[in-house]
Each structure stands twice: as C-alpha cells, then as structure tokens.
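So the protein lines, in turn, are chains P and R. Heads up: the first sequence at position 57 corresponds to 57 in the working numbering, and the numbers run straight through without jumps. Heads up: the second sequence at position 146 corresponds to 146 in the working numbering, and the numbers run straight through without jumps.
By construction, these hints were calculated from the structure, which means they are not laboratory data. Treat the numbers as computed from the prediction; the structure is a model and nothing was measured. Every residue, glycine too, gets a C-beta built ideally from N, C-alpha and C. Hints may be right or wrong, so weigh each one.
Here are the simulated EDC-like pairs of lysine to aspartate or glutamate, each with C-alpha atoms no more than 16 Å apart in a straight line [to be verified]:
| id | chain 1 | residue 1 | chain 2 | residue 2 |
| --- | --- | --- | --- | --- |
| 1 | P | K399 | R | D212 |
| 2 | R | K121 | P | D3 |
| 3 | R | K192 | R | D212 |
| 4 | P | K399 | R | D83 |
Label-pair distances were calculated between CB atoms; the ranges are [what the hints assert, rightly or not]:
| id | chain 1 | residue 1 | chain 2 | residue 2 | range |
| --- | --- | --- | --- | --- | --- |
| 5 | R | G24 | P | E306 | 52 to 62 Å |
| 6 | P | S371 | R | D137 | 56 to 66 Å |
| 7 | P | A291 | R | S49 | 50 to 60 Å |
| 8 | P | L378 | R | H18 | 49 to 59 Å |
| 9 | P | R394 | R | Q227 | 48 to 58 Å |
| 10 | R | K121 | P | T275 | 57 to 67 Å |
Which chain P residues stay away from chain R? Per the calculated CB distances, all over 12 Å, these [unchecked claim]:
| id | residue |
| --- | --- |
| 11 | Q10 |
| 12 | I79 |
| 13 | V402 |
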Amino acid sequence: MFDIWREIFQNVTKNKLRSILTGVTVAFSILLFTLLFGVVNGFKNSFMKNFKDDASNAIFIHVGSTSKAYKGFQSGRRIRFENKDYNYIKKQFGDDIEFITGRVFRGEQISYKGNKDRYSIRAVHPDHKFLEVTVMQTGRYITNLDLKKRAKNIVIGRLVEKDLFEGRSALGKQLNLGGINFKVVGVFSDDGGEREERTVYMPITTAQGIYGNNQYIDQFVLSSRKSMSVDEAIAFGKKIENILKARFNIAPNDQSALRMQNMSETNKEVNSFFTILTVFVFVIAFGTLIAGIIGVSNIMVYIVKERTKELGIRKALGAPPSHIISMVLYESVFLTMISGYIGLLLGGLILDWSSELLEDYGILNPSVETSQVVGATLILVVSGAVAGFLPARRAARIKPVVALRAD
Amino acid sequence: MQNKPRDNIFMIKIEQLHKSYPIGKESLHVLKGINLEVKEGEFVSIMGSSGSGKSTMLNIIGLLDDHDKGKYTLDGELIQSMDEVKGAKLRNKFLGFVFQSFNLIAYKNAWENVALPLYYKGVGRKERKIKAMEYLDKVGLKPWANHLPNELSGGQKQRVAIARALVTEPKVILADEPTGALDSETSDSVMKLLRGINDEGMTIVVITHEHDIAELTDRIVLLKDGQILSDEHTSTYNNKIKK
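Go ahead and model the full structure; you've got the sequences and the hints to work with.
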C-alpha cells in the first residue's frame with residue numbers, strides 16, 4: 001500500500017506540468033465554491049444577528065391609542081395594560097406560554113461617586129431574562145422575591161459597569177438613580193449590542209411604586225410553548241391578539257391600539273428568503289464544481305493517453321490490470337484532494353482577510369460550514385475517481401503490444 | 001558453469017502456431033503453422049526481414065499477445081488464451097524483456113527502472129534496491145545508478161534494460177532487436193553481455209533482421225512469410241551461405 005503511494009508521489013512530482021494543470025483546475029473551482037458560500041453565509045450571519053437579540057419564539061404586545069370607534073367608544077382612547085392583564089394572560093394561556101414578562105420603560109440619570117450618565121431602565125418580571133436572552137456575568141437576575149418586596153435592587157449592563165466603575169466590580173454597590181439609591185445585584189451581557197448593554201433592569205413592582213404608584217405595564221413580551229411549530233406559534237399570536245382586543249373593546253381591524261410583533265412570523269419570512277438564496281447559490285456553486293470535474297476528467301484522459309507507452313512497459317514487466325487502474329485512480333484522487341484543500345485554504349484566507357472590508361457591506365463573519373466543505377471535498381474525490389476510472393480502465397484493457405507500439 | 005542445452009527439457013515448445021490480424025474486413029495471416037523448440041540454456045536468434053512475422057512471434061512467446069491456433073508451452077506450462085492478470089504474473093515470473101527502444105521509464109533513474117519488475121513481484125523496497133544494484137553492477141553501470149535514462153548513452157540504456165530483464169531471474173530473456181538503435185561497436189558489447197549471461201545458463205531468444213547479430217548466437221531460425229525457412233546451428237548456417 002505504501003509502495004503504490006510512493007509510485008504515485010513520483011508520478012506527480014516528476015510530471016509537474018500536468019500535475020499543476022490538474023491542481024489549478026480543482027483548486028480554482030473549490031476556491032470559487034468557498035468564496036461563494038462564504039459570502040452568502042456572511043450575509044446570512046449579519047441578517048440573523050438582528051434577530052439573535054431576542055428569543056426566536058417571542059411575541060411582543062404593544063398598546064397605544066385606538067384609531068377607530070368601536071362598541072360605543074370614541075376613537076383616540078388610550079389603552080393601558082395593568083398587572084391584572086398580566087395575571088389574565090397567564091391564566092388564559094398558561095399552558096401555551098413558556099415565559100412572560102411585563103415591561104415598564106424609564107430613562108434616568110444614574111451616578112456613582114463622580115461618574116454619571118443617562119441610561120434606559122426596564123422594569124420587568126424575572127422571565128424577562130430568558131426572553132431577552134440576557135447572560136449573567138456576575139451576581140443574579142431579578143427574582144420573584146424582589147418583586148414581592150418591591151426591593152430597590154437592580155441588574156446593570158456590562159457597559160454601565162464599565163462606564164461608572166472604571167473597571168472595578170459594581171456588585172453590591174449602591175447606585176443613585178434620579179435621587180434614589182439602588183443596590184447592584186448583578187451584571188449582564190447581551191448579544192444585542194451596545195444599546196442593550198447600556199440598560200438597567202429593576203423589579204417591575206418597584207418601578208410601579210416609585211414612578212407613579214400605579215399598576216401600569218407598557219408592554220408584554222411572551223414566548224409560545226417550545227413544542228409549537230412555527231405555524232402554530234403564528235396562530236397562537238393571532239389568538240392572543242383577538243382575545244385582548246375583545247377584552248379592551250378594540251375594533252378587530254384597529255392597527256394602532258394593539259400591535260403584535262410575532263418573531264415566529266418574522267423568522268418564517270427570513271428563513272424562506274434564505275432557503276431560496278441558499279438553493280440559488282447551491283445551483284451556482286454546483287455548476288462551478290461540475291466545471292472543475294470536467295476539467296479533471298479532461299486532464300486524466302490526456303494523462304492516460306500520454307502514458308500509454310509507460311503503462312505498456314509496466315504491463316510487459318508484470319503489472320496486473322488492477323495495478324494500472326489503481327495507479328491512475330489514486331493519482332487522480334490524490335491530486336484532486338491536495339489541490340482541493342489548497343483551494344479551500346486559499347478561499348478561507350481570502351475570506352479572513354476581507355472580512356473587515358466586507359462587514360461594511362453587511363457581510364458579517366463570512367465563512368463556510370464544515371459540512372459544506374466536507375460535501376465539496378467528497379464530491380471532488382468521487383469525481384476525481386470517476387474522472388480517472390474510465391480512462392484508467394481503458395488503459396488497463398489495452399494489450400501490452402498495442403501500448404508498447406504507441407509513441 | 002552450467003552445462004549448455006539440457007536435453008529433453010524444452011523451455012519453449014511451439015506446435016502448429018497460427019496467428020492472423022484483422023485488417024479492415026480482410027484478415028492478414030501472419031504466422032502460418034510454426035513449429036519451434038528451444039531448450040533450456042540455448043541462445044537462439046529468430047531472423048527475418050520486416051513482415052516475416054518475427055515480431056508477432058516474439059509477442060506471442062512473450063505473452064504480450066495471444067495466438068489463434070496451435071499449442072504453446074512455456075517451461076512446461078501450456079499457454080492458452082489467458083486473462084490479463086495471469087498473463088502479467090507469468091510474464092513477471094518467466095520472462096525478461098529487452099526492447100529495441102529500451103523502453104525505460106523516463107522519470108525513474110537507472111536503479112528504479114531495474115527495480116520495477118521486482119515491485120510487481122511483491123519484493124520489499126529495501127531488497128529491491130539491493131537486487132537492482134547487484135544487477136546494475138553486473139552490467140557495469142553501478143556508478144550510474146542514480147542517473148535518469150536521458151543522462152545515459154544508448155548502450156548504457158540497453159544495459160540498464162538488460163539488468164531490468166535479469167533482475168527477476170526469469171527463465172527466458174526475449175530481446176527484440178536489442179541492437180537496432182545502437183552503433184556497431186556498442187552492438188558488439190551488448191551482444192557480448194548477452195553471451196556472458198547465456199554462458200551462465202540463461203535461455204535467450206533474440207529477434208533481429210541483421211545477419212551480423214544473428215551470427216553471434218548459437219542457432220538461427222530463419223523466418224519468411226510466416227513460415228520457418230530454416231532452423232540450423234550458426235556454423236551450419238554460415239557454411240550454407242558461403243556455398
């Protein structure tokens with residue numbers, strides 16, 4: 001086994017021109033394949049990043065003022081959620097809801113010793129952590145106990161800590177929020193970007209008590225049960241919308257009083273868009289590979305033709321047909337794999353170098369998935385084998401006399 | 001030294017051999033009932049002008065081509081239409097080839113060329129090299145072991161080819177116009193080398209169209225139009241010519 005590879009290595013290195021010809025063809029087609037898929041993947045990455053911030057099955061419910069008169073109510077009536085609505089939704093849809101939280105929005109000046117800045121504040125329920133995909137760095141998140149006690153505890157973003165504490169830990173420190181002292185019980189990070197990491201979370205009951213002594217909730221965020229299909233999740237969103245509209249006496253076609261934002265719906269659209277894009281790119285990339293394969297086939301036919309005499313000599317000296325076939329076959333596969341790998345490496349390097357430049361054009365972290373690379377390599381190896389096999393078998397069938405006569 | 005022709009042991013035995021080649025719709029009858037016996041240790045030349053059928057005969061004897069009719073026995077083994085695998089095996093075991101155009105592999109150096117038949121015999125690489133060097137030494141080319149064929153003269157190339165033919169220790173050496181591409185001085189030295197090998201007991205069959213070369217063998221088989229015209233010891237043949 002080792003001997004045959006030695007033979008092939010000698011064939012390849014001693015016949016540089018034809019090896020390089022084959023290699024360049026394969027390397028180039030793999031290079032194109034890598035670049036094409038890399039750029040599309042990068043495009044996909046940057047698109048997906050915008051949705052990564054929140055849970056993919058999240059449903060946002062906003063309220064505003066009615067735009068249509070309905071059931072005796074004038075248009076322009078302001079709709080507001082309260083704690084009782086939170087309990088109502090939980091009671092009505094409990095089994096179908098994975099997480100649910102209310103949100104109250106504020107903006108406050110926050111100071112620690114000499115440092116101060118304005119930050120946005122979200123007062124939430126504990127489930128918010130999962131809906132927003134908040135990652136705790138130190139400490140803990142808001143708990144039900146905080147809500148019960150209306151505790152003056154806050155969880156601050158990584159960048160808030162960085163701004164105000166200048167590299168020191170904020171955990172356990174007292175922060176001044178518009179004149180009231182709060183204790184930092186946790187620091188978090190978020191994939192959603194700088195804006196998210198400059199946010200401060202507090203218990204929703206605390207905010208309701210301090211900022212107006214009411215039960216108002218600005219917004220609901222909830223997620224549907226994980227086992228729901230995308231279509232079920234979309235239907236679930238519609239169901240909530242209908243029931244809430246009835247509860248608040250909102251006209252079914254009123255777009256401004258109650259607005260639903262269902263991530264499942266958005267994801268469905270984005271996914272179908274990328275499916276089409278991927279199929280399209282796959283067709284093009286496959287065409288590129290086919291071109292490479294045909295190139296390899298051509299060269300292998302030429303190689304066998306050129307070597308007819310040599311193969312004849314080998315046969316006269318006792319080479320069995322199987323040896324002739326495997327020699328040509330292995331060489332084809334060997335060349336295809338090596339040069340395919342070079343093309344891949346080259347493609348990877350180019351993507352790497354250009355990734356900063358491409359980021360300006362909305363292509364984020366362009367790269368090829370391992371499965372795509374493995375697939376392409378497999379196709380190349382198989383095609384190298386097919387490309388080599390037919391000419392090799394023909395060569396093995398030629399009678400030694402005929403082969404020896406060739407020049 | 002081994003005794004020359006051992007009686008009753010036929011290395012090559014051919015009876016009523018026929019071979020035709022199709023040419024378009026016609027068929028060209030090249031060998032028309034050949035009978036030939038070569039004993040072990042003989043040094044025979046098959047002589048004839050071009051078209052006499054001598055190359056076809058060499059190809060059949062060399063298992064490079066199969067025959068249509070007749071019987072061919074090589075070292076006691078009856079050769080029938082065989083598959084390629086068996087043919088390759090028998091060639092490797094029984095036969096050593098020396099060609100007019102040397103047929104060395106251009107990108108392999110001298111010792112690698114000599115070692116190639118051993119590779120097909122399944123001999124390990126280390127032993128292959130030792131053997132190849134041994135036989136290169138025998139033909140006086142040990143210092144050239146690492147040279148590529150295009151760095152060697154015609155005579156040297158043919159010596160490498162002879163070493164390659166010998167390396168598997170075959171039963172018969174088949175030489176097809178071994179001096180056809182060489183000048184007369186080099187031809188003589190190549191023939192002397194073959195003579196020396198024959199002296200050690202090797203059976204050698206030379207195909208040639210040159211009287212001068214045929215005369216350097218022990219027996220001349222004259223072939224014309226696919227039939228054997230004469231088959232005599234060289235001295236008898238020479239006497240006839242002189243008459």
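> Between R/K192 and R/D212, does the CA-CA distance stay at or below 16 Å?
Replying inline: holds (13 Å)
> Can the suggested window of 49 to 59 Å be confirmed for the beta-carbon pair P/L378 and R/H18?
Replying inline: Given about 53 Å between the Cβ atoms, the range holds.
> Is it true that R/K121 and P/T275 lie within 57 to 67 Å of each other by Cβ?
Replying inline: Taking Cβ atoms as reference, R/K121 and P/T275 lie about 59 Å apart, which means the hint holds.
> Looking at P/I79 again, its CB stays over 12 Å from all of chain R?
Replying inline: Check passes; 86 Å lies beyond 12 Å.
> Range hint 50 to 60 Å: satisfied by the CB atoms of P/A291 and R/S49?
Replying inline: With a Cβ separation near 54 Å, P/A291 and R/S49 satisfy 50 to 60 Å, so the hint holds.
> For the pair R/G24 and P/E306, does the Cβ-Cβ distance stay inside 52 to 62 Å?
Replying inline: violated (28 Å)
> Was P/V402 rightly flagged as not at the interface, with every chain R Cβ beyond 12 Å?
Replying inline: At roughly 9 Å from the nearest Cβ of chain R, P/V402 sits no farther out than 12 Å, so the non-interface label is violated.
> Is it true that the CA of R/K121 sits at most 16 Å from the CA of P/D3?
Replying inline: holds (12 Å)
>> A range of 56 to 66 Å was offered for this pair. Does it hold for the Cβ distance of P/S371 and R/D137?
In response: Holds: the Cβ-Cβ distance is about 57 Å, inside 56 to 66 Å.
>> Minimum C-beta separation from P/Q10 to chain R exceeding 12 Å: can you confirm that?
In response: violated (7 Å)
> Does the Cβ-Cβ separation between P/R394 and R/Q227 fall within 48 to 58 Å?
Replying inline: Violated, since P/R394 and R/Q227 (Cβ atoms, about 36 Å apart) do not stay within the stated range.
> Given the hinted pair P/K399 and R/D83, is their alpha-carbon gap at most 16 Å?
Replying inline: holds (11 Å)
Checked against the numbered hints above, the structure violates hints 1, 5, 9, 11, 13; every other hint is satisfied.
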